[in-house]
Amino acid sequence: MIKIGNIPKNTRGALIKIFFKDFSYKNEGDYLYPVEYYQFRQASTHNTFKVELLCFDDRYDFHLTIDNEAIPSKYRLVTSISFEIYEEFGFEPYDFSSKHATLQRAIDMASAIAKKYCENPVNQ
Numbered sequence: 003m004i005k006i007g008n009i010p011k012n013t014r015g016a017l018i019k020i021f022f023k024d025f026s027y028k029n030e031g032d033y034l035y036p037v038e039y040y041q042f043r044q045a046s047t048h049n050t051f052k053v054e055l056l057c058f059d060d061r062y063d064f065h066l067t068i069d070n071e072a073i074p075s076k077y078r079l080v081t082s083i084s085f086e087i088y089e090e091f092g093f094e095p096y097d098f099s100s101k102h103a104t105l106q107r108a109i110d111m112a113s114a115i116a117k118k119y120c121e122n123p124v125n126q
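Numbering of the sequence shown is given in this note's numbering, commencing with residue 3 and proceeding in unit increments.
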């Protein structure tokens, strides 16, 4: 069995494109893409954020969710294109083509939201 992580990134993208071209799509622009799931637990507040990483051909996007009533509903689902929230928290644009940078942005957003809205951090 070949592990996808052992295949060079440029070759991996080509193989994924070939695989997904085997499907019939009803509309132009329809697209099947892989998704990875992560959880980020912030120790200082005991909050757990769920990160859904969307893996496209040449870029990554994320959906960040938290189920915490202390956080306003506007911040319980943040995406990689929530630019108004980026601006509010002072974040600059990042490299969407980097998986690491995309996951780091999700972690940074989660930390900023928890810091602002979770009033009782836990000291460990």
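Hints are computed from structural coordinates only; laboratory data are not their basis. Treat the hints loosely; a few may be bogus.
Said to hold, decoys possible - Derived Cβ-Cβ restraints for the label pairs, each shown as a range: (1) Lys117 x Phe85: 34 to 42 Å; (2) Glu94 x Tyr27: 30 to 38 Å; (3) Thr81 x His102: 17 to 25 Å; (4) Ala72 x Lys101: 25 to 33 Å; (5) Lys101 x Tyr27: 33 to 41 Å; (6) Ala45 x Ser99: 17 to 25 Å; (7) Tyr35 x Glu89: 24 to 32 Å; (8) Phe25 x Gly92: 40 to 48 Å; (9) Asn70 x Glu30: 36 to 44 Å; (10) Leu34 x Thr81: 25 to 33 Å; (11) Gln41 x Tyr119: 24 to 32 Å; (12) Ser26 x Asn70: 13 to 21 Å; (13) Tyr27 x Asp69: 19 to 27 Å; (14) Asn29 x Lys117: 40 to 48 Å.
What you are looking at is a predicted structure, and each value in this text was computed from that prediction instead of being measured. Ideal Cβ placement from N, Cα and C applies to all residues, glycine included.
When you take the CB atoms of Glu94 and Tyr27, is the distance between them in 30 to 38 Å?
holds (35 Å)
Indicate whether the distance between the beta carbons of Lys101 and Tyr27 respects the range 33 to 41 Å.
violated (25 Å)
Cβ distance range 19 to 27 Å for Tyr27 and Asp69, holds or violated
violated (34 Å)
Starting from the range 25 to 33 Å, see whether the pair Leu34 and Thr81 falls in it by beta-carbon distance.
At 19 Å between Cβs, range violated.
Has the hinted range 36 to 44 Å been met by the Cβ atoms of Asn70 and Glu30?
Between Asn70 and Glu30, where Cβ atoms are some 40 Å apart, the hint holds.
If you check the beta carbons of Thr81 and His102, does the distance land in 17 to 25 Å?
holds (18 Å)
Can the suggested window of 13 to 21 Å be confirmed for the beta-carbon pair Ser26 and Asn70?
violated (42 Å)
Assessment of proposed distance window 25 to 33 Å (beta carbons of Ala72, Lys101)
holds (30 Å)
Do Lys117 and Phe85 keep their Cβ atoms within the hinted range of 34 to 42 Å?
Since the Cβ atoms of Lys117 and Phe85 sit about 20 Å apart, the hinted range of 34 to 42 Å is violated.
Per the hint of 24 to 32 Å, is the separation of the Cβ atoms of Gln41 and Tyr119 within bounds?
violated (19 Å)
Range hint 40 to 48 Å: satisfied by the CB atoms of Asn29 and Lys117?
holds (42 Å)
Cβ distance range 24 to 32 Å for Tyr35 and Glu89, holds or violated
holds (27 Å)
Hints 1, 5, 6, 10, 11, 12, 13 from the earlier list are contradicted by this structure; the remaining hints agree with it.
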